[in-house]
Structures are given as structure tokens and as C-alpha cells.
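**Q** Chains as they are written, first to last, in the working numbering: chain A, 1 to 627; chain B, 628 to 892.
By construction, these hints were calculated from the structure, which means they are not laboratory data. Quick caveat: nothing in here was measured; it's all calculated off a predicted structure. Hints are not guaranteed to be accurate.
[Stated by the list, open to error] Interface residues of chain A toward chain B, partial, derived using beta-carbon atoms under 10 Å:
no., residue
1, W81
2, G127
3, L146
4, I205
5, I212
6, F242
7, I267
8, I269
9, G279
10, G292
11, P544
Where is the CB? At the ideal position from N, CA and C, for every residue including glycine.
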Amino acid sequence: MATVSANSATVAHAAEHDHHEPQSFWRTYIFSEDHKTIAKQYLISGIIWSIIGISLSVMFRLQLGFPNMKLDFLRPILGSWINETGKLDPDFYLALVTMHGTIMVFFVLTAGLSGTFSNFLIPLQVGARDMASGFLNMLSYWFFFLASMIMLGSLFIETGPASGGWVIYPPLSALPQAHKGSELGMTLWLISMALFIVSQLLGGINYITTVINLRTRGMSFSKLPLTIWAFFLTAVLGLISFPVLLSAALLLIFDRSFGTSFYLSEIYIKGEALPNVGGSPILFQHLFWFLGHPEVYIVLLPALGMTSEIIATNSRKPIFGYRAMIASMMGIAFLAFIVWAHHMFVTGMNPFLGSIFMFLTLIIAVPSAVKAFNYITTLWRGNIRFTPAMLFSIGLVSFFISGGLTGLILGNSALDIQLHDTYFVVAHFHLVMGAASAFGLLAGVYHWFPKMFGRMMNEKLGYVHFWLTFIGIYLVFFPMHYVGIAGFPRRYYAFTSYDFTKNIFADMNAFISLAAIFTFTAQWVFIYNFVHSLIKGRKATQNPWKSNTLEWTTPINPGHGNWPGEIPAVYRWPYDYSKPGAKDDFIPQNVPYSQTPESNLPHENELIGLEKEIEAQNLNDQFKQPH
Amino acid sequence: MAATVTHDTLTTDSDQVFDKKTWMGGVEPMKVSYGKLMMWFFLISDTFTFSALLVTYGLIRYSYPAWDPAVFGEVFKFSNLYWPSPEHVYNSVPFLHGVNLPLIFVGIMTFILIFSSVTMVLAVEAGHRMDQADVEKYMLWTILGGIAFLGSQAWEWSHFIHGTETGTTINELVNGQTIQRTIFGANLVENQYGPPAFADLFFFITGFHGTHVFSGVVLNVLIFYRAATGLYARRGHYEMVEKVGLYWHFVDLVWVFVFTFFYLV
């Protein structure tokens with residue numbers, strides 16, 4: 001009965017759809033509620049932000065690599081931040097470091113990565129018409145946009161942007177008189193981040209709700225592609241950790257502007273005692289890192305999820321250990337919340353507490369290693385196709401391993417005391433979360449570009465881009481470990497004033513800077529490829545990678561509602577590649593077992609009986625609901 | 628858009644009734660619409676916002692000693708050396724000037740807020756019955772309860788800000804000299820009742836909660852208006868009342884914690 005009435009509703013709705021007015025330019029491209037358009041908005045914003053963010057890093061690398069260099073040529077961009085002698089202003093150096101971190105972590109690798117691909121892939125891969133709430137989704141992007149504009153604006157004010165590091169530790173950030181970068185720039189940082197958190201929250205509840213409520217018939221959680229599992233867990237992490245940053249930021253705003261003492265106690269500044277008593281700067285660090293640590297997994301998990309998908313597709317093999325992959329992602333997501341204090345081994349925490357956090361931190365190596373081995377065993381004896389996306393995914397696994405190994409070193413509190421706040425830490429997290437996630441993002445763009453824009457990206461340029469970037473990143477960050485072990489602290493403007501740094505590693509620092517400029521330059525190959533393919537790329541076919549997931553069953557340029565007719569039902573997991581007996585080396589998720597008797601395993605034959613029931617259970621199609 | 632379809636249940640070998648298809652996709656597995664699910668997830672998120680603030684409270688609170696008669700004297704007096712006992716700070720009731728009524732007023736406030744949760748439940752229940760008049764009636768009571776709570780909080784704040792008649796004399800070190808000064812009431816910088824941090828936390832956390840109550844009242848007014856104009860009757864369900872109700876109960880629940888921390892321990 002239910003099915004019959006639902007079907008008549010479809011017919012009615014289909015008729016109604018013919019009468020939908022074409023939407024105006026503003027509703028189609030600007031304030032769009034379509035998840036695909038919002039995803040593209042996030043992608044373009046993310047690309048623009050990454051150009052800005054990486055440029056900032058090149059600027060401070062010039063200072064670090066070539067401390068005596070005349071930087072007058074940057075004056076058209078930086079104005080009086082280049083002083084009369086042609087040197088970078090030391091205050092602005094700190095601002096550059098801070099904004100590079102903030103932009104890359106939040107605006108590129110959180111919004112640009114998860115915003116793009118969660119939005120794009122969740123409805124397409126679970127088989128939904130759109131996100132649960134298109135309106136909140138649109139709001140999410142525009143809150144992000146507003147946050148972006150404020151953060152961007154803060155780069156251009158007279159006192160400069162925030163410069164207390166992306167972690168904005170008080171008391172430096174809480175006292176506007178402490179530093180130029182703690183004045184208006186810091187206020188704008190906090191406002192921008194508060195808006196950013198709202199955006200994340202709106203996005204996150206939408207992602208979670210869509211995955212729970214809008215999976216198509218047959219798409220049980222045990223048939224979800226690993227991408228969706230990753231996006232789902234990422235959204236849960238964000239949902240729980242970002243509000244804590246919101247609280248921390250609000251308390252900091254009160255300390256800065258209204259005279260409270262949540263983070264301040266017994267401080268002298270410029271020879272004058274402040275009246276604040278009772279607060280604790282360590283408290284801020286606890287609150288910050290309760291977000292800050294899950295944040296690195298918010299950045300990394302989506303990249304790992306997409307890598308799972310791309311590696312399985314291009315190895316033409318089922319992912320090795322599907323359930324182990326899910327379990328390890330859950331393990332990582334859970335552990336993410338109970339390891340935050342490993343960022344605080346040297347900030348005056350009880351050493352006993354330190355050893356507990358050390359223990360918990362090192363446990364993360366287990367699920368991480370499970371993932372790394374599963375990627376490698378998926379590749380093992382696979383029928384590998386080296387598409388650019390595949391190369392970037394393999395590159396991700398490489399960075400994940402080489403960066404992860406140093407994580408074991410830093411996770412030990414005894415070793416961390418030696419290496420804390422040196423370039424060793426910088427090298428570690430840039431490899432394991434920065435470069436790895438960026439490779440996930442790039443792999444995702446290369447892989448899903450045909451679905452996003454209906455055209456293929458140029459493969460040759462993709463290969464060039466991959467090799468230049470892959471080599472470049474190792475050239476930047478591998479030597480940086482040595483600089484760190486030698487004791488060079490991070491965030492220092494120059495190393496020319498200390499005996500132990502004056503005469504050593506100047507050449508190494510210059511080399512790193514050259515490698516950074518090289519890597520940055522290589523990214524223009526990608527930008528060119530992206531723009532050129534957007535306009536003149538080869539037209540894509542419906543399923544160019546011969547992939548199993550549902551997004552490739554949509555038309556080449558999916559319209560409103562993604563599938564023109566019924567949403568396909570799902571009968572199998574997404575990794576039936578090279579199944580013995582099958583005529584093709586892939587069987588999409590929407591192919592029922594009854595059509596593939598030649599390749600079914602015994603237990604799969606038993607599932608044929610369920611197919612009728614699955615097909616009948618078509619009760620959450622958004623087009624059949626009143627809207 | 629709740630899927631209002633009953634599912635066939637499959638009986639498994641162990642005679643346990645279990646709907647195999649609940650999580651198979653194509654349905655809303657928890658039989659909850661997306662909007663209500665989103666409200667739940669928002670509330671989980673907001674729980675963490677408040678938890679962070681209450682953790683802050685706990686950490687700062689326990690960095691100060693409590694009042695100990697053996698150390699600080701038999702008679703309790705306000706001092707910034709130790710955390711004050713709440714029954715000495717919150718002991719006033721409007722129109723009963725000079726009468727020592729510890730925690731009576733905040734008790735009344737709490738009662739009002741919890742009572743408004745009861746009327747909210749009744750409004751939701753009336754919505755299930757599609758009884759527009761009852762929804763309107765109980766929503767109105769809920770709104771009144773919310774406004775009464777906010778009004779009481781305004782009085783409580785203003786009393787806290789103005790302080791006692793005698794004030795508290797504190798010793799201050801100014802330019803190397805100890806100076807005695809009497810302060811009245813509390814603000815974000817100084818506090819006659821105890822350490823300034825006590826007032827900072829009181830204003831911030833009750834203020835943050837009050838902001839939540841205020842947004843709750845605004846939402847309630849909106850829902851009342853839409854119910855009164857018959858929008859939900861035309862729509863065929865009063866689910867919006869339920870969603871806002873969830874938020875309202877959450878705000879009440881948070882108050883129970885805030886109340887416990889500030890007034891009871």
C-alpha cells in the first residue's frame with residue numbers, strides 16, 4: 001500500500017517539477033541551495049585561500065632562508081611591512097606565520113576539503129536528492145564566506161592581522177597592549193573564527209543528518225563507501241569539538257575587551273602590574289587543544305576516506321579490510337578526544353598526567369598503522385592504473401607514513417621536551433596532516449572533476465604536477481627534521497643572533513626556502529590545468545574511472561535532484577572490483593545479485609531474496625515529500 | 628516529512644522481534660524527521676559549549692580555597708581570599724529588604740523555568756492532538772514563564788551588581804602601599820562578594836544561559852504566532868512545536884547544572 005501511494009506522489013511531483021520556474025542567476029549560482037553548487041563554491045574559495053595561504057609561507061621562507069635579502073620587490077604587496085632597509089618587519093613576520101597556519105588549517109583544509117567533498121559526495125554517494133536542508137547548507141557556505149572576508153580584511157589593517165600563532169595562546173592574545181598583532185587583528189580573528197564555527201556547525205549537522213536519514217534503499221551503513229564513513233565521522237568530530245573552541249574564544253573576547261580574568265593572572269606588562277588575578281592561561285590551552293587535536297583529524301579523515309575510494313578503484317581490487325578501515329577510523333575519532341594534552345607536555349602540566357596522555361597518544365599508532373597497511377595491501381598485486389588521482393593518493397599514503405613515524409617520537413613526552421617548538425614539530429605535522437591532507441584534496445579534485453564539471457582534467461599536466469609537488473614537499477620537509485633536531489625553534493624571525501644557530505644550517509634553510517618556492521610554483525600547473533580543463537577539457541563519459549559508487553550512475557552533468565527518475569537502489573558494497581567470474585572488472589552498487597549469478601558468492605545468492613524488499617523500501621525520496 | 632509507514636517485522640531465530648530493514652536505507656531509521664534530528668545534534672554540540680564553560684568554572688573555582696571557619700574565622704564574611712558560600716551571596720528577595728532568605732529567590736526562578744518546561748510538554752501534547760487552541764494556550768504559558776525567568780534574572784543581576792549596603796573593605800597594593808577601599812557589588816573587574824573570578828564566571832555563564840533562554844523565548848513567540856495563525860493546522864502537524872520544545876527543555880536542563888554549580892556547591 002505504502003509503495004503504491006508513494007509512487008502516485010512521485011507522478012504528481014514529477015508533473016509539478018515541469019512547472020518549476022527556471023531559477024534566477026542569483027538563486028542558481030550565488031545563493032544556491034544545491035549541494036553540488038555549494039561544493040563548487042567551497043572548492044573555488046578553498047583554492048583561492050590556498051594560494052593566499054601558501055604565498056604567505058613563501059614570504060616568511062624568504063626571510064628564513066635568506067635573512068640578508070633585500071625584499072623591496074614585495075613592497076607593492078606588503079607596503080610598509082617592508083621597512084626602509086628592505087627587510088621584512090619582524091612583527092609582520094609573526095603575522096605571516098599566524099595567518100599561514102590559520103588559513104591553511106581552517107579555511108583550506110577544513111572548509112576547502114571537507115566543505116567541498118562532504119557537500120559534493122554525501123548526497124551523490126548515499127543516493128539522496130540533496131542535503132537534508134539545502135537552506136542551512138547555503139547558510140553554512142555564506143557564514144564561511146563572511147568569516148573569510150573578515151579574516152582577509154584583517155590582513156590589510158594598519159596594525160596587521162593576528163600574530164600570536166594559530167593557537168592564539170593568552171596572555172599574548174588576551175592583552176592588546178602586548179603586541180601589535182594582539183590589537184584589532186586579534187579581535188577580527190576571533191570574530192571570523194566564531195562565524196567559521198557557526199558555519200561548521202550548520203554544515204556538520206547537515207552532513208550527519210543526511211547520512212542517517214537519506215541513504216537510498218539498500219544503502220545500509222555496512223554498504224557505505226569509506227568516503228562517506230570518513231565524512232560522517234569528521235562531521236561528528238567537528239560537531240563535538242568546535243563548540244569548545246567557541247567557548248574558549250568567547251571567554252578570550254571577554255578577557256580582551258571587558259576586563260575579566262579567565263585566562264589572566266599576576267601579569268606585568270611594560271613594567272606595570274595588571275590587576276587581573278585568578279585565571280589560568282593553561283586553561284585556554286586545554287580548551288583550545290580539545291578542539292585543536294580533533295581538528296587535525298577533521299583535516300585528515302576526509303582525505304583518508306577519499307584515498308580509500310581512489311586506491312580501491314584504481315587498483316581494481318576491493319579495499320583491503322573494509323570493516324577494519326571503519327573500525328580504525330572510529331578508533332581514531334574516539335582517541336582524538338582524549339589525547340589533546342600531548343600538545344602541552346612542556347606547559348607546566350603534571351608529569352604523571354603527561355604520561356597518561358603519552359600512552360593514549362601512542363595508541364593512535366595502532367589504527368593509523370592498520371590504515372596504512374590496508375592501503376598498501378590494497379595496492380598489492382592490484383591492476384594498478386596510475387591516474388593523477390591515484391598518484392596523489394599513493395603520495396598521501398607516503399606522507400602519512402613518513403610524517404606518522406615522527407609522531408611516535410613526538411608523542412613520547414621525554415623526547416617531546418627536547419623537540420617541542422622546534423622545526424622537527426613543523427616538519428612532522430606538515431607531512432602528516434598538511435601535505436597528506438592537501439594530497440587528499442588534490443586527489444579528490446582530479447578524481448571527481450569529471451563528475452563536478454563534466455570534463456576531464458589533463459592527465460599529462462596532472463603527472464607533472466604530481467611529481468613536482470611530491471618531490472618538492474619532501475625537499476621542503478625532510479631537511480626540516482634536521483634543522484629541528486639541531487634545536488632551531490619555530491616562529492623565530494631570524495637565527496643570526498645566537499651562537500648555536502649563527503653558523504650552521506644557513507645553507508639548509510636556504511635550500512628549504514628554495515624548495516618551498518619550487519613547490520609553490522609547481523601548483524600553478526594545477527591551477528592552469530584546473531581552469532583550462534574547466535573550459536576546454538575533454539568531455540567526460542558517465543563513468544570514466546569504471547567506479548562502483550552511485551555518483552557515477554547520475555547523468556554526466558547531474559541536475560536538480562541528481563537522478564532524473566527514481567534514485568537507484570543499492571544491493572552490494574562499493575568495492576566489487578575484479579570479482580572472479582564477473583564479466584567486467586567492476587560491478588556498481590546498484591546492480592542486483594540476481595543479475596550477476598556468475599560471480600555471486602554463496603552467501604550473496606541468499607541475499608537475492610531480499611531484493612524485492614529493498615526495492616519496496618523507497619520512503620525517503622525528498623522529491624516525494626511535500627516541500 | 629516523517630515516514631509514517633509501519634515496517635514489517637521479521638522474526639529471527641531467537642524469537643526476538645527485530646526490524647532488519649531499519650538501517651537498510653530508504654527509510655528514516657530512527658523514525659525522526661531531518662529537522663528534529665538536526666535539533667538533537669545541535670543540542671549535543673551546545674552541550675559541549677556549556678561543558679567547556681562549566682569546566683572553566685570548576686578549574687577556577689578549585690584554584691581558590693573554600694571558606695573554612697578554622698582558618699578564616701567563625702563568622703562568614705566576604706573576602707577575596709576564598710570562594711564565598713552561595714547562601715550568603717544570594718539571600719535577597721524583592722520587596723523583602725534586609726530579610727535573610729538564602730537561595731529562596733533563585734529557587735523561585737528555577738521553579739518558574741521548570742514549570743515552563745511542563746507547559747511546553749503540554750503544548751507538544753496538544754500538538755499531537757491537533758488541538759490548536761490548547762497549543763496556543765500552553766505556548767503562551769511557556770512564553771510567560773520564559774519572560775518571568777528573564778525578568779527574575781535581571782533583578783538578580785541588578786541586585787548582585789549593586790551589592791550590600793555596607794560593601795566589603797578590601798586591601799589593595801597601589802604603588803607599593805597598601806590602601807583600604809570599600810567596594811559595593813560586583814562587576815567584571817571587581818567583586819565585593821569574593822574573588823573577581825567569581826563574579827566573572829557568574830556573569831558569563833548565567834549570561835550565556837540567559838541568552839539561550841532569550842532566544843528560546845523568541846522562538847516560542849514565533850511558534851506561538853504561527854500556531855495562532857493556523858499555519859501548523861494547515862500543514863497537518865505541529866512538529867515545529869516539538870523541535871522548539873526540545874530546545875526549551877535543553878535550556879532548562881542546562882539551568883539545572885548552572886544552578887547546581889553556582890548556588891548549591
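**Q** All hints, please: hold or fail.
**A** Going down the list of hints, with the structure as the test:
1. W81: Given a least distance of 35 Å, the restraint on W81 of chain A is violated.
2. G127: 7 Å, holds
3. L146: Interface hint status for L146 of chain A: violated (20 Å vs cutoff 10 Å).
4. I205: Holds: closest Cβ of chain B sits about 4 Å from I205 of chain A, inside 10 Å.
5. I212: Hint on I212 of chain A: holds, closest Cβ of chain B at ~6 Å, below 10 Å.
6. F242: The hint holds - F242 of chain A has a Cβ within 10 Å of chain B, the shortest such distance being about 7 Å.
7. I267: Violated, about 14 Å.
8. I269: Because about 16 Å separates I269 of chain A from the closest Cβ in chain B, which is outside the 10 Å limit, the hint is violated.
9. G279: 7 Å, holds
10. G292: Violated: closest Cβ of chain B sits about 13 Å from G292 of chain A, beyond 10 Å.
11. P544: 26 Å, violated
Of the hints listed earlier, those the structure fails to meet are numbers 1, 3, 7, 8, 10, 11, in rising order.
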